[in-house]
Amino acid sequence: MIDQFNVKQIVVLNESHNSYGDFLPTKQRKLDFDEIEVVLDDINEEKYVKTCEITLNARGICKKVSAKFALLGWKTDAHAPPNLESVIELWGALKIAGGNEIVTIACHDGVTASGLFLAIGFVIEKIKMEHKVDVGLAVRTLRKAKPAFISTETQFGLLYEAAKFYLSSFETYKNFK
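In this note's numbering, the protein residues as written are 1268 to 1444.
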C-alpha cells in the first residue's frame, strides 16, 4: 500500500506490541518484503513523536518515507489517550492538513485511535477556517466516510473537550467555558 499509493508519511498512534513482529528496519539490518527492500536512514525523537526516515527500494526505484510513532502513551486497548493536549499538539506538529502528500494514519484496530485523532484534526481545521465548529456535525461528516469513527460517548466528549481546549488557546476565546 505504501508503495502503491506513494505514501510519504505514516503516523502510528498506539504503542507497539512485541507480538506484532518487526516491520521496520534497524541500523544493523534492512528488511525485505517480497520485492520491497526497507532501509532505515535516520531516527529523530521529539516531544511527542519518534520519526524514522526510511527508504523503500521497490523494483529499483527508491522512495523516501517518514514513519512517525506517536509518543503519547496511548495503549492499544484504550479508547482515549492519557493526555488530550498532547494529541492536539501532535496534530499541529505533523502539519498534515493542507498538504498534497498522502499520509497514512494507523492504530491498533484501524478506527479507535485513528478515528479520534482525525476527528480532532478535523475539528481543529474547521475552527481555523471558520472560527467556529459544530462537533456533532463534524462527527456525522466523518462517519459518512468511516462509520466506526467516534463510536463511544467518551470519544465524543473528548472531541468536544479538544475543541474547547483549542479555542481557549486564542485570546478572543479565553472566556469560552
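Hint data in this document are derived by calculation from the structure and do not stem from the laboratory. Treat the hints with care, as some may be off.
With a Cα cut of at most 25 Å, we get these calculated SDA-like pairs of lysine to any residue [to be verified]:
(1) 1330 <-> 1274
(2) 1362 <-> 1297
(3) 1362 <-> 1300
(4) 1314 <-> 1268
(5) 1331 <-> 1347
(6) 1395 <-> 1375
(7) 1297 <-> 1310
(8) 1330 <-> 1353
(9) 1275 <-> 1353
(10) 1411 <-> 1370
(11) 1399 <-> 1330
(12) 1331 <-> 1274
(13) 1297 <-> 1276
(14) 1342 <-> 1328
Keep in mind the model is a prediction, meaning the values are calculated, not measured.
How the hints compare with the structure:
1. At roughly 9 Å between alpha-carbon atoms, residue 1330 and residue 1274 fall within 25 Å of each other, so this suggested pair holds.
2. About 29 Å separates the Cα atoms of residue 1362 and residue 1297, which puts this hinted pair outside 25 Å; it is violated.
3. Taken as a hint, the residue 1362 and residue 1300 pair is broken in the structure, with Cα atoms around 29 Å apart against an allowance of 25 Å.
4. Pair hint residue 1314 plus residue 1268 does not hold up; C-alpha atoms about 29 Å apart against a cutoff of 25 Å.
5. Between residue 1331 and residue 1347, the direct Cα distance comes to roughly 31 Å. Violation of the 25 Å bound is thereby established for this hinted pair.
6. Restraint check for residue 1395 and residue 1375: the C-alpha separation of about 29 Å exceeds 25 Å, so the hint is violated.
7. Between residue 1297 and residue 1310 the alpha-carbon distance is near 14 Å, which keeps this suggested pair within the 25 Å criterion.
8. Between residue 1330 and residue 1353 the alpha-carbon distance is near 30 Å, which puts this suggested pair outside the 25 Å criterion.
9. Simply put, residue 1275 and residue 1353 have alpha-carbon atoms about 23 Å apart, close enough for the 25 Å limit, and the pair holds.
10. Using a Cα cut-off of 25 Å, the hinted pair residue 1411 and residue 1370 holds, with the two alpha carbons roughly 20 Å apart.
11. A distance of roughly 39 Å separates the Cα atoms of residue 1399 and residue 1330; the hinted pair therefore is violated under the 25 Å criterion.
12. Taking the CA atoms of residue 1331 and residue 1274, the gap is about 9 Å. The hint holds against a cut of 25 Å.
13. Taking the CA atoms of residue 1297 and residue 1276, the gap is near 19 Å; set against the 25 Å cutoff, the hint holds.
14. Our distance criterion of 25 Å between C-alpha atoms is broken by residue 1342 and residue 1328, whose separation comes to about 36 Å.
In the structure shown, a violation is registered for the earlier hints numbered 2, 3, 4, 5, 6, 8, 11 and 14, in ascending order.
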